[in-house]
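> What follows is each chain in one-letter form.
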Amino acid sequence: MVRKFKTGAALVGLALALGFLPVQAQTGATTLETGTFHGQVHNTSGRATIYREAEGKLVLRLTHFKTSNGPDVHVILIADKDADDNANFLKSGTERVELGTLKGNEGDQNYDIPAGTDLGRFQTVSIYCERFNANFGAAPLKKF
Amino acid sequence: MKTSWPVIRKWVFVGVGVPVLIGLWWAFRPEKLWINQKVDEPAPFALSSDPQPLYTGRLEGKAHQTRGRATIYKGPDGKQYLRLTDFTTSNGPDVHVLLARSDDESLNQETVKGQLDSVELGSLKGNQGDQNYGLPAFIDLQKYNAAVIYCERFHAVFGVARLEQF
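If you read the sequences in order, they're chains A and B.
Residue 96 in my numbering sits at position 96 of the first sequence, with consecutive numbering throughout.
Residue 115 in my numbering sits at position 115 of the second sequence, with consecutive numbering throughout.
Hints in this document: simulated from the structure, not taken from any laboratory.
Honestly, I wouldn't trust all of these hints.
Unchecked claim - Anything over 10 Å on all C-beta distances counts as not near chain B; from chain A, calculated: (1) 51; (2) 69; (3) 110.
What the hints assert, rightly or not - Derived DMTMM-like pairs: lysine to aspartate or glutamate, alpha-carbon spacing no greater than 20 Å straight-line: (4) B/32 with A/53; (5) B/10 with A/106; (6) A/103 with B/140; (7) A/66 with B/40; (8) B/38 with A/108; (9) A/103 with B/130; (10) A/57 with A/33; (11) A/143 with B/164; (12) A/142 with B/40; (13) A/142 with B/31; (14) A/142 with B/86; (15) A/66 with B/86; (16) A/143 with B/41; (17) B/74 with B/152; (18) A/66 with B/164; (19) A/66 with B/41; (20) A/57 with B/86; (21) B/32 with A/33; (22) A/81 with B/41; (23) A/66 with A/118; (24) B/38 with A/33; (25) A/143 with B/40; (26) B/32 with A/72; (27) A/143 with B/31.
Claimed, not checked - Label pairs and their calculated CB-CB ranges: (28) A/100 with B/90: 23 to 31 Å; (29) A/72 with B/67: 36 to 44 Å; (30) B/128 with A/31: 16 to 24 Å; (31) B/31 with A/82: 45 to 53 Å; (32) B/129 with A/84: 45 to 53 Å; (33) A/84 with B/115: 33 to 41 Å; (34) A/101 with B/140: 21 to 29 Å; (35) A/95 with B/33: 39 to 47 Å; (36) A/95 with B/14: 23 to 31 Å; (37) B/137 with A/132: 49 to 57 Å.
A quick note: this is a predicted structure, and the numbers were derived from the prediction, not measured.
Built from N, CA and C at the ideal position, the CB exists for glycine as well.
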C-alpha cells in the first residue's frame, strides 16, 4: 500500500516537473529590433520593439505609445527602410504584412507577427488608416 | 389627397440627408477626435529580474566612423550601466565614453571647442565589441541623454547616440 502511494507520488512529481519545465523555458525573450515613431500629420510617438520569445514566436510591442484615434486603423509592417509622414502605401505599391487592428490609440500593446515574416525586408512599423490609406506614423526599426 | 411640395421636399431631405450623414459619420468617425482608447497590455513574456533597458539609441559617426547601439540598463540590484552592442569605432588615443546633453550644439561638430558638459564613464575598453560602463549613482538621465565616444586628447567627437526612452 505504502509502495503504491510512493509510486503514485513519484508519478505526480514527474508529471508536475514535466509540466513546469516548458513554463520555465518560456521566460525571457530576445530583443531583436527597436525604433521610435515619427508622425506629424497625425501626431504619433512612442517605441516599437520586436521580441523573439523562447519558443521562436515574434511579437511586436508598442510602448509609451500615442497616436490619434481614427477609423479602421491597423498596425502593419512595410517593406521599406522608413515611411514619409504622408505616405500612401496603396499608391506607392509598398508591400506590407498585416498585424491587426490597432487595439488602442494610447498605451502599451502587443501584436503577433506571422511566422516566416522576413524582418530583413519588412523594416518599418506603420500605424495605417486603411480607409483613407493614410500613414499615421512610422517607426523604422534598427538592430537592438 | 395631393401631398404639398414642401412636405415632399422635407421627406426627400430626410431620405437622402440622413443616409448621407450616417455615411459621413461612418467614414470619418469624428467623435474619435475627442475619444481616446487606452490600453495597457503587459509584455507577453516575463521580464522578471533581467536588467531592464531604460534608454537606447543608435550611434552615429562624427569625426570617425562609428556605429552600434548604446543602451542604459538598470540591473536587478538597482545599479545602472551603459552597454554598447553591435559596436565599432576607430581606435585612437585617449578615447573615453561620456554622457552629454543631446541638445548640446558642440555634439554636432566633429571637434568640441572649450569644455563639453558631460559625465565621464571611463576609458573606451575596446574599439569593437560589446561592453559595459557603470553609471554614477546620482545622474540625471533626463539631462545627460546622449552617449558620446570622445577623444579627450583632440576633443574629437567620434560618435554620438541620442538616447530615447525604451
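> Of the numbered hints stated previously, which ones are contradicted by the structure, given in increasing order?
Numbers 1, 2, 3, 4, 5, 6, 9, 12, 13, 15, 16, 17, 20, 21, 22, 23, 24, 25, 27, 28, 31, 32, 34, 35 and 36, in rising order.
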